[in-house]
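Fit chain X to the supplied structure of chain C, relying on the hints for placement.
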Amino acid sequence: MRPAVAALGAVTSLGKDWPTTWQALLRGARSSVLFADFDTPRSLHVPDEVPVSAIPELERSLTSDGCGAAGRLVRSVLEQITLPGLGVIRLYGASNHSETDILLCLSQNEAAPSSLWRALLIDAMPDSLSWNLGTWVYSACTSSSHALAAALLDFADGESQDAIVVSADALSSIAVAGFWRAQATTHKTCTPFQEQRDGILIGEGAAGLRLRPPSRTSDGQIHLLGIGMSCDAGHPTDPDPTGTWLEQAIYDAINWAGFSPQDLRGIVSHGTGTKKNDAIEASVYHRIWPNAEVPITSIKGAIGHTMGAAGLCNVLVAVEASRTGLLPPTVSNGSNSIEGIDLVRDSARQIEVGAPVLAVASGFGGNNFACIVG
Amino acid sequence: MPIPLRVSVTNGLPRRDSSDTFRVVDPLDDPVMEDNASIRHARYYGRAACLASSVARQWSQRKSTRPGRLGLICNGGPWSLQASWDFVARAREVGARYVNPLQFPPTLISATGTAAATAADAHAFAYVVGWDRFAFFDVLHRAGQAVRHHLADEVLSIAISTSNPAISLAAKRAGLPEPVNVALGFALSEASENADFWLLDIGYDESVLAKYPLAQRYDAYYANGSLSFTIPVPLVGGEAYGATAAVLIMSAMTCHKALQTPKNRDFALTFREEKHFAFAVFRLG
Chain C
13 MRPAVAALGA VTSLGKDWPT TWQALLRGAR SSVLFADFDT PRSLHVPDEV
63 PVSAIPELER SLTSDGCGAA GRLVRSVLEQ ITLPGLGVIR LYGASNHSET
113 DILLCLSQNE AAPSSLWRAL LIDAMPDSLS WNLGTWVYSA CTSSSHALAA
163 ALLDFADGES QDAIVVSADA LSSIAVAGFW RAQATTHKTC TPFQEQRDGI
213 LIGEGAAGLR LRPPSRTSDG QIHLLGIGMS CDAGHPTDPD PTGTWLEQAI
263 YDAINWAGFS PQDLRGIVSH GTGTKKNDAI EASVYHRIWP NAEVPITSIK
313 GAIGHTMGAA GLCNVLVAVE ASRTGLLPPT VSNGSNSIEG IDLVRDSARQ
363 IEVGAPVLAV ASGFGGNNFA CIVG
Chain X
52 MPIPLRVSVT NGLPRRDSSD TFRVVDPLDD PVMEDNASIR HARYYGRAAC
102 LASSVARQWS QRKSTRPGRL GLICNGGPWS LQASWDFVAR AREVGARYVN
152 PLQFPPTLIS ATGTAAATAA DAHAFAYVVG WDRFAFFDVL HRAGQAVRHH
202 LADEVLSIAI STSNPAISLA AKRAGLPEPV NVALGFALSE ASENADFWLL
252 DIGYDESVLA KYPLAQRYDA YYANGSLSFT IPVPLVGGEA YGATAAVLIM
302 SAMTCHKALQ TPKNRDFALT FREEKHFAFA VFRLG
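If you're matching them up, the sequences are chains C and X in order. So in the working numbering, the last one in the first sequence is 386, and the numbering has no gaps at all. So in the working numbering, the last one in the second sequence is 336, and the numbering has no gaps at all.
Keep in mind the hints are simulated off the structure, nothing from the lab. Small disclaimer: the values here were computed from a predicted structure and weren't measured. Every residue gets a Cβ at the ideal spot worked out from N, C-alpha and C, and that includes glycine. All the pointers check out, no bait thrown in.
Computed far set for chain X versus chain C, every beta-carbon distance over 12 Å: (1) Glu241; (2) Lys262; (3) Gln267; (4) Ser277; (5) Thr281; (6) Ala309; (7) Ala319.
Partner residues are not named here, just some residues of chain X that face chain C (Cβ under 8 Å, in silico): (8) Arg148; (9) Pro156; (10) Ala225.
Chain C on its own, in the form it takes in the complex (with noise of 0.2 Å):
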C-alpha cells in the first residue's frame, strides 16, 4: 500500500498555511527575529542576542486546560486539512517541548489552577483533541517522522483508509536556552552544509498531512513510497560521527520504495546548520551518491528548526518539490558549500515532475528518519 498525499498544511514563521510557506521557500525568503524581540516568558534569562524565527502575532496565552501556542498551531493545521470526506479519520501527532509554558506558569504562579497541573502528568495537547482514535509519538526532532511511520503501517495493515498526521512545537525557553547553553545556535544566519555556517536557528511551526488510498488513475498524486528508521543509540544528542546507522535508514527507504539511490532526484536534507550534523549528514550523501548526483535542499535557514515538527515540514516540501518539479533553495551567505555534495542555493532548481523526492531527519538520542515521496 502506497498511501496518496490529499492535503497538505502548515503554519511557519514564513505563512501561515502551505500555499504561502511554499511560495515563499521558493523565493528563498527567511525569517528571523533576536529572541529578545519575542513576547515570550523570558524568565530563563536567556541572553538578548540569539536569534530565533517565530510565527508572528502567534497567541501564546495558556488556557486553564493547558492548551497554549503549540496546541493552538496543531489545530490551525486541522483546519486547514480536514476536509470533509468518508469514513473514520486517524489522527498521528508529534511535539516536543509543548509541556514548557505550563511550567514556567506554574514556577512563577502558585495559585494556578488545578487543571494545569494535571496537564503537566497528562500532556495537554493531545489530551485536548478529543480524538476516538489518536497515536501521540514522542522521539525529539524525528517525533513526526515516527507519526508518519505510525501512519504509514496502518494503512499497509488496512486499520486506517484516512489518516492526518501533525506535528507542532511552539518556541519553548528551555529548548532556546537548551540549545544556546550547548552552544549550538546560530549567531546571526543559519546556513546549512555551508563552511562559515555556525548552529541551528531555532524555530516553532506546524505541519500536517492527509493520507488517503491511491487513486486507480495517475492523476499527479504524490505517493508515500517507503521509509526508514535507525537510531544511533550512542550519544544523548551528537550524532554518530560516522553517520552508519543514518546511511542505514536512507538505504531502507530506498529499499522499501524498490528503487536503487540513482533513482532520486532530490533531497531535503536535515541540515541544522551546525558544525557537526551537517559534516556527517553530507559525509552519508557523498557516500551513497559519490558523484553529487542528487541535489540536496535544506530548509532549516528559512523556517528554522520546528523541533518536534520539522521531519514533517520536511516531507511536506519533498511533496511539493516532487509535484511541481521545484526544489527551493537553502539560505545562504556566500561561503562555499561542504565539498561532495550538489547543494541547491540562491534559487529554486528544477526537477522531474512526480520524480522521487528523499526526506531526512534526525534528533536527539541519534534517532534517524528517512521517507521517500513521488
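Same frame as chain C, but now just chain X:
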C-alpha cells in the same frame, strides 16, 4: 487473526532470588538504579531513564538479536518533569548562562526511550508513544506492527511509571494519585514454540474480542479507574498511568506461572475510559 507474537518479560532491577517477578521499585533503590542504568550523566536523567535503561541493560545481557534489528518503544508520561523543573529552577535562579548544558537533553520526554536504547544497543528505532492510561496498548500495538513488517526482529517494549518530587507536587495540586515506581520490559518477537506467553491480538475495536471464547479466557476490565477480573488470584494494581496496562499484564502472567493455572488459557485485558477503548489478548502458555 494477526500472527501471534512471542512475549518475553523482564523487570527493572536484577534480583538474586528470581528472574521474572514483578516488582515495585522503592525510592531507596535510586543509587542502585543509577549504577545499573550505566547511562552517561545518570543523575540528570532521573529515575525513569535510569529504570528504563536498567530494564534494557538487563534484557540486552540475555538477548541474541543483532543491534540493527532490535527496536525499543516506551510509554509516554511526565517522566522528564523533574529534569525540566530543575532546568527551569536553575535558569531562573542564576540565568540561562550558568545552566549546565548536560541538564538539557533529559528535559525531553523521549530521553527515557533513547537512553534505554543506548543501554540495550537497540539501533532499529527508539521512541515514546502515548500520554494517558492507554499508552501501553499503543506501545504493544506499535511493537507488534514493527515485528510483523520486519522493521525489527525484536522490539523491547518498556512500561515506565515513576514518581519524583515534581510529579508528587503536580499530582497533589491536581488532586490525582501519585504514580507508583515501576519498570517492566516486554520483548516482542516472532512466535516461537518455546514461548511462555504470546500476544494474540491487540486493538481498539470491541467487536474483535468476540473471536476469543469467554469460556477459554480470563478477563480483566479496567474502566474509569476501577478494576475487576476473573483470573482466580488478585491482580496487583496501583496508579501507574501509562504503565497501568503493563502492570496488570505482568501481574496476570506472574500469577499464571506461580499458581500453575490451566495451560493455554487466554488472558484478555480491556480498558475503557469515557469514549476510549482498547484491548489486548495474550495466551498463557
